[in-house]
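Take the sequences, apply the hints, and build the full model.
Number of protein chains: 2
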Amino acid sequence: MKARVHVMLKDGVLDPQGEAVKHALGTLGFSGVAGVRQGKVIDLDLTATDAAAAEAEVRVMCEKLLANTVIEKFTVEIL
Amino acid sequence: MKARVHVMLKDGVLDPQGEAVKHALGTLGFSGVAGVRQGKVIDLDLTATDAAAAEAEVRVMCEKLLANTVIEKFTVEIL
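Protein chains in written order, with the working numbering: chain V, 1 to 79; chain S, 1 to 79.
Watch out, some of these pointers could steer you wrong.
Pairs involving identical chains hold if they fit within one copy or between any two copies, as the list cannot separate such chains.
[As the list claims (entries may be wrong)] Straight-line C-alpha distance at most 25 Å; calculated SDA-like pairs for lysine to any residue:
hint : residue 1 : residue 2
1    : Lys2      : Asp45
2    : Lys64     : Gly35
3    : Lys2      : Ala53
4    : Lys64     : Met1
Please keep in mind that the hints were generated in silico from the structure rather than gathered at the bench.
What follows is the structure, encoded as C-alpha cells:
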C-alpha cells in the first residue's frame, strides 16, 4: 500500500524557499506568479494492508518525525 | 488560479533523503515501511485565468527552473 504525505509550512510562517522561487520566476519573465509556497512530499511504500490502520500509522510518523508540527502542517493520502 | 507541482527524483536515481527517512522510521519502531522517496511540492498562486494556458506555462517553469529534468520528473496539477 502506498501513502503520500505533504508537509507544508503553516500559513503564517515565512517561507524563504518559496519567496526565492517566486523571485527567480519573476527574473525569468514569468510575471503572472502572485505567490509560491514550497514544501516536501514523502511517498511511503507500506507493507500494511488495511487502509485505515495505515493512515493512522502514517499520521503518527508525521507527528514524530516527518513534520515539525510547531511550524508545519501535513496531509496524508492513502493511494 | 492555483497550481501544484510535484518534483520527484526519477525512479532509477538514488534518493539519500528518502533512505535516511526510511532508516529513521525503522529506528523509531515503524517496521512496515518498505520504501521512501522524498520530493518537493511547490504551490503556485497564478494570476492566469485560463487553465490550459496556466498548465502550459507552469510546465515551462518546471523545465526552466523548478525541476532538474536530467534526474527529476515533475507533475503539474491545476487546482
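To see whether the hints hold, each was checked on the structure:
no., hint, in the structure
1, Lys2 to Asp45, "within (5 Å within a copy, 28 Å between copies)"
2, Lys64 to Gly35, "between (30 Å within a copy, 18 Å between copies)"
3, Lys2 to Ala53, "within (13 Å within a copy, 32 Å between copies)"
4, Lys64 to Met1, "within (21 Å within a copy, 34 Å between copies)"
In the structure shown, no violation is registered for any of the earlier numbered hints.
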